[in-house]
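Taken in sequence, the protein lines are chains A and B.
Each step along the first sequence adds one to the number in full-length UniProt numbering, with nothing skipped, and position 17 is 17.
Each step along the second sequence adds one to the number in full-length UniProt numbering, with nothing skipped, and position 250 is 250.
Watch out, some of these pointers could steer you wrong.
Said to hold, decoys possible - Calculated pairs, BS3-like style, for lysine-lysine (alpha carbon to alpha carbon, straight line, at most 25 Å):
id: 1; chain 1: A; residue 1: K106; chain 2: B; residue 2: K36
id: 2; chain 1: A; residue 1: K37; chain 2: B; residue 2: K106
id: 3; chain 1: B; residue 1: K262; chain 2: B; residue 2: K340
id: 4; chain 1: A; residue 1: K36; chain 2: B; residue 2: K141
id: 5; chain 1: B; residue 1: K167; chain 2: B; residue 2: K143
id: 6; chain 1: B; residue 1: K238; chain 2: A; residue 2: K284
id: 7; chain 1: A; residue 1: K284; chain 2: B; residue 2: K263
id: 8; chain 1: B; residue 1: K105; chain 2: A; residue 2: K38
As the list claims (entries may be wrong) - Each pair of labels, with its calculated beta carbon distance range:
id: 9; chain 1: B; residue 1: Q178; chain 2: A; residue 2: D132; range: 33 to 39 Å
id: 10; chain 1: A; residue 1: M239; chain 2: B; residue 2: A315; range: 53 to 59 Å
id: 11; chain 1: B; residue 1: A19; chain 2: A; residue 2: K143; range: 27 to 33 Å
What the hints contain is simulated information worked out from the structure, not anything from laboratory work.
Idealized CB from N, CA, C, for every residue including glycine.
Number of protein chains: 2
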Amino acid sequence: MEKEVTIYDLAHKLEISPATVSRALQDHPAISKKTKKKIFELAEEMGYRTNNFARNLRNKNTNTIGVIVPRLDSYFMSTVIAGIENTAGNLGYQIIISQSSEQVKKEASSANTLFNSRVDGLLVSLAYDTEDLSHFDIFLKKKVPIIFFDRVTDYDGCMNILIDNRKAANEATRHLIQQGCRRLVHLTAIPKRNVYIDRLEGFKQALEEAGLPYSEDQVIIDNLSQEAGVRAAEIISKMKPLPDGVFVSNDNCATVCMITLKKMGIRIPEDIAFVGFNNDPVCKVAEPNLTTINYPGYEMGQVAARSLISHLSGAVNIHATTAITLRADLIVRASSMRIKSS
Amino acid sequence: MEKEVTIYDLAHKLEISPATVSRALQDHPAISKKTKKKIFELAEEMGYRTNNFARNLRNKNTNTIGVIVPRLDSYFMSTVIAGIENTAGNLGYQIIISQSSEQVKKEASSANTLFNSRVDGLLVSLAYDTEDLSHFDIFLKKKVPIIFFDRVTDYDGCMNILIDNRKAANEATRHLIQQGCRRLVHLTAIPKRNVYIDRLEGFKQALEEAGLPYSEDQVIIDNLSQEAGVRAAEIISKMKPLPDGVFVSNDNCATVCMITLKKMGIRIPEDIAFVGFNNDPVCKVAEPNLTTINYPGYEMGQVAARSLISHLSGAVNIHATTAITLRADLIVRASSMRIKSS
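With the rest of the complex left out, here is chain A:
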């Protein structure tokens, strides 16, 4: 690699003092616009790089935020990351991204790497099976703030950013009941993390409020992939009596389950009504279009980044806030419209 260009090189070339160059590069008002322009142009021409590294070493901050997500290749998560990047970028922060691939071991190793990179703060959506959180202890010891989003936890006063999954699931289930469904099924992932635990609770709660019975047979647990949608359709088609409403924790799985049932001759929504979760683009492709919960991923990313950076800049102390709950509304489409007037 070539020798790094310094302010002394710029000063020498322009025959001015290094102090003037330094002040100009910091946009100091004492330096004339004309001089600044000259210096900026030469800096660019010579490939001068502001010494972020040396400066960070002094300032003890890196203007970077670490982000750990379970997986990057999901539509929902990609919208969250787009929101984080947008807000962080506008506020002068960069993001370093890592995926745990749903494994606590990889999550711990990502946390460790980000810690050693001295990120100023951390945004985390937990892996599926993370129970022990001790890999985050090093951050708290150093007072590096952590905010959890979507897949959250109760961890030593850290802020959570989430939606009210229980309420959303309750609303989804209640909607199915209002549409005349009486034999309901919930298709979801193992209720280990808050998102799945709370959705199952909301489902049960809505049944109870409507005076409908609940048994464990009404819950199908799988990994919410497209393949899981096919598997669930096979289970559902063999249930006696046939269920008349299905609430699924994920749109992608819901739509595939729905079209697999259609191929077996089951009518949607007349025989079985469907509600999904997230409001992925896939909802508008499915026939009938899928009723779902609108999960505001982009806004969640923006709020997470803004909260963390406000804390870092000293404007707000996130430890005073336990959680920020974002609005998540039911979007009614044809897959659940059994009563035509609704």
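Start from chain A and add chain B according to the hints.
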């Protein structure tokens, strides 16, 4: 922030020499396992951080790769990033991600920020309207390697990682012709970037090879969103005679266009056959399932990261390679199957 823990603190506490601590932390074979264990445990307990920053300042590398993409919230791009993160992570590199939001101005500012962060290399998929590439000049001046992927360009010997878009489009169009289609339409984005230019070329070429006429009316230009799919359906439904085959540059747009035409009473594939591009999950939700080109995003991300890191480690000189072309095959599904035996 608290005072940083140093190897001297660890040495003092354990009553051993700083040199022993330093060697143990570097896993030097001269230090016994027992001593290493003692030191590692204390390092963790006291929150010692390997001084990556100071070390990077000496080594002149940061073990980070900058990534600039047009937008983060697309399924295809999220699979590429997942592939980059996976390979980079395994090879000890972190990724810093930035999105240009399809604007050359934002792309230039992202490039500048990443340059000042001293990324070791850059992976770029260009914004829609980037023509002037001078914002990348500073990298080349400093010999910081750049690799372009998907949306590539011819820029001063930089390596491109791409698929053969012309060949893929030719194959898609030829497939439609083999299925008996004669009045073909191509729905795509403004042919400014390689991906859209090459797909249009491949479309035209296949028509020519089959002895079919081509006119500009056969190309519908829009932004490939779901809404663009609805708009295109309206245009197509009014064409006289009705086209009998549509090749779309994006699955999401293709599926919405297809179901909008179906609602108008047009049969797919009997009246109009469809082929999309990317192999997004949406293909398997659409009815009929969408024939498409399988664009291997995850593999593209892996290859991009591996090529860049091989170059950085001195194993391979990427400047000796102009381009790596990945395999992209046609996946035939029901949306184009007019001849049942094929």
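*Against the earlier hints, flag every one the structure doesn't satisfy and list their numbers going up.*
Of the numbered hints, 5 and 9 do not hold.
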